[in-house]
Amino acid sequence: MKTQEAVFRIFRFNPELSEKPHYQTFQVKIDNRMTVLDALEDIKHEQDATLTFRRSCRSGICGSCAMKINRLAKLACKTRAKTEMDNHGEILVEPMENMSPILRDLTVDMGEFWREIDRGTPWLVWEETLAGTIKENLLTNQQQRVPDTLANCIMCGCCFSDCVSRVFDKNFTGPASLAKIHRFVADPRDEVGEKRVPTLVEMGLWSCTHCYFCWSQCPRDVRPVAAISALRILSFNAGDTNQGARHVRAFMNSVKGTGMLNEARLYLETMRWTMLRDLDLIVKMATRGKAPSLFVRPIPKIEEARSLFQLTRGARQK
Amino acid sequence: MIKHDIVIVGAGLAGLRAAIEAKEKGADVAVLSKLHPVRSHSDQAQGGINASLSEDDSWEKHAFDTVKGSDYLADQDAVELMCKDAPRAIIELEHWGALFSRTETGRLAQRPFGGAGFPRTCFAADKTGHVLQTTIFEQVKKNGVHVYEEWFATSLVVEDNVCRGLTAIEIVTGEVHGVQAKAVILAAGGAGRVYNRTTNSLTTTGDGIAMAYNAGVPLEDMEFVQFHPTTLCGSNILISEAARGEGGYLVNSLGERFMKKYAPDRMELAARDIVARAEETEIREGRGFEDECVHLDLRHLGEAKINERLPTIRELAVYFGGVDPVEELIPVQPAQHYTMGGVPTGLDGAAPVEGLYAAGECACVSVHGANRLGGNSLLDTIVFGKRAGAKAAEYAKEASVVSFPDIALKEETQRIETLLNRKEGVKASEIKKALGSTMFDKVGIFRHKRELEIAKRNVAALKRQFTNVCVMDSSRRFNTSLIETLEVGFALDLAEVIIASALARRESRGAHYRLDYPKRDDTKWLKHTLAVRTAEGPKLSYKPVTITRWQPEERGY
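Here the protein sequences come in this chain order: D and Z. Taking this note's numbering, the leading residue of the first sequence gets 249, the next gets one more, and so forth. Taking this note's numbering, the leading residue of the second sequence gets 1437, the next gets one more, and so forth.
Treat the hints as calculated values from the structure; they're not laboratory data. Incorrect hints may appear among the rest.
To give a feel for the contact side, a few chain D residues facing chain Z, derived at Cβ under 7 angstroms [as the list claims (entries may be wrong)]:
| hint | residue |
| --- | --- |
| 1 | F259 |
| 2 | Q295 |
| 3 | A297 |
| 4 | T298 |
| 5 | I309 |
| 6 | S312 |
| 7 | S348 |
| 8 | R352 |
| 9 | T355 |
| 10 | G359 |
| 11 | P370 |
| 12 | L372 |
| 13 | E384 |
| 14 | L387 |
| 15 | A399 |
| 16 | Y460 |
Which stretches of chain Z does chain D cover? Using the computed rule of at least three CB atoms under 8 angstroms from a CB of chain D, they are [as the list claims (entries may be wrong)]:
| hint | stretch |
| --- | --- |
| 17 | 1469-1478 |
| 18 | 1527-1540 |
| 19 | 1634-1643 |
| 20 | 1746-1759 |
| 21 | 1905-1917 |
Here the structure is a predicted model, which means the values were calculated and not measured. All C-beta atoms in this analysis are idealised placements derived from N, C-alpha and C, irrespective of residue type, glycine included.
Hey, can you work out the whole structure from these sequences and the hints?
Below, the structure written as structure tokens:
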């Protein structure tokens, strides 16, 4: 098989030796099949035994070897070295983000991630009507479809590492945690079920900015952001009056009412009295004629805009 | 000094099931694992878990298939117990939230599996281990069991034949701790990585079995090593038996479904030892591909069925094998898969040392005998994990607090310091590489006295090299090279036991196939091997097999 020289630039940090991290470069011969993990193992065994990283199954199911490869969180065992080399000209390997401290080289303390998972009662709550019997609950594959997809999560931490919202909002519980909660909300056996939803506002349900990194970086195609959307719909329909829910409601009302975005009302309905904090800015904008009008004239074919709502609702039900 | 009533080594299915049970019985229990629990090797199991759930099936049929699969070496009282308890154990997991695949009517679906006369393998697509490990870890969280994550147990502390606890390295800090316990449950998995060609994770290194051996516990039936017939050529990543259970064919380079020559009735679904030998024979006689693999054909199953029932297999084949099973044949070869032998235990998990228990792959009850059936290992973990947890809790309640000899901690700390401070020597990775190829080439699917003798000499030489092993990393903090070095030490001890046991057993039974003794010999060898550590190497003795209702007969599929 054809081989080539790959350049690995690896984050090195051992607090026992130095307070400052540095980057070290290694040359590794790779072929078309080799994964980044294969190469790291080669480096450890042939060049530098002190290189430290976690790994176990080497087949993408245990979730040990999550790390940043060319700036995105990935499983090293599911990332082909050649592809990274072709796309970036080098293979930059660093520890995951949003978790600290870094323990050594590519290993981070994942405690923060696990504490977030634990915030959500991450188990099936079921006060066994069938307990002690040898009878299973009757469930169809269709009823299990959503929880089944979400249960593919291997808790590798890639989504948490690359979550943009978590950087700014430490109260945001993160994509994996919400996906895990939705796994139980969507499970017909769970007795708490949708009653889990009201507690989610406090866990930052509305903090997600829909950047979709958790979708793109998930090695198991769990799509946490879709779970977050589903939870938001449940929360919204249950009468959530949180700022996030108000924003959605105001957005909807504006488009339904005028076919346009009424920015002033969107702002007022979302912020309510907290707008007072921005009072000086509002006054400045108003005096200089920059404030948007509170009144927006409906577009001529408003019925067409409204029909979009019917369409999306129909699509969602499908 | 850390103290608990019960300390469980290993956080896979057996360990966690034991923990839940012991906790429910009121014991102060902690789990200690070198990995975070969800990273455990149980997570990698794919195909399923057996139970006679259908009205047309029965625990007796399940037990008979298991005994026959074991080539009559399994202890039949243990097999009976496991098969009777199987439906309860599986339903319990469903009640805990496990997402099993279902039938049209919403019942648990079951698929055919190798060596089974009835489709009795429950499954969660082809990620059954992941689903069960996740579920059982959720219950551990719910029950509030403490887990020492990323702690590596290095030795069992036994004095006057009573277990006192263990020593362990806290990997993050590198500190060596003494852990005092009235009872220790070993649930640290199999020893797959003694072989270079294995489906097992890089961390499945037999630590628990080796710790018991080093503490003077005899090891049972270590010569019985299962080779799985379908692993991806090269990487040896597992392609579940479910692929054949759902109807996959094995073909050679002449395009023949060669299993018709070896197991005309059950074809691809004969017991694993038989299919693995058939493949190896085809390859050795020149009917393989590139002299190293045969092909697994799933194309006729169609894309829809493959996506529904075998999604992981498709993903693994595409990603790690470079072929899409919907359109192409998958190159597969046999590789080490399961350790049938291990720490001998009674039906309640008790090992021959007071206060010591074992469960799961690291134990030998023995329900698998000379060859395990697919779908029986997950079952073994939850049935016997629970029993070990219950028995250990009962024992801990009665037992008085035992003393932990300080010298044990001092000696272990000293041993590890010496390793860390050695400036030059042989790299553990080199020893491991040599050991792995010796074991696969000479103590593999086909064995012969001549080859086994060479393996024995090779391993002895490697053991000598190991006395001068160098970690090449003297940091205390998160020293994975140190852990790998200690693992290689364990692997060498186990390799020696496997070889000695295999050399002595002059017959062919189940997974142990001797070219120089190709027949099963019930008069002389219907017995379990026991290997105990001595200064001169493993010393062997034997114990009888428990036979209740199934007399040994010839095994055909």
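Checklist entry - Hint by hint, which ones does this structure get wrong, listed from lowest number up? => result 1, 2, 7, 10, 16
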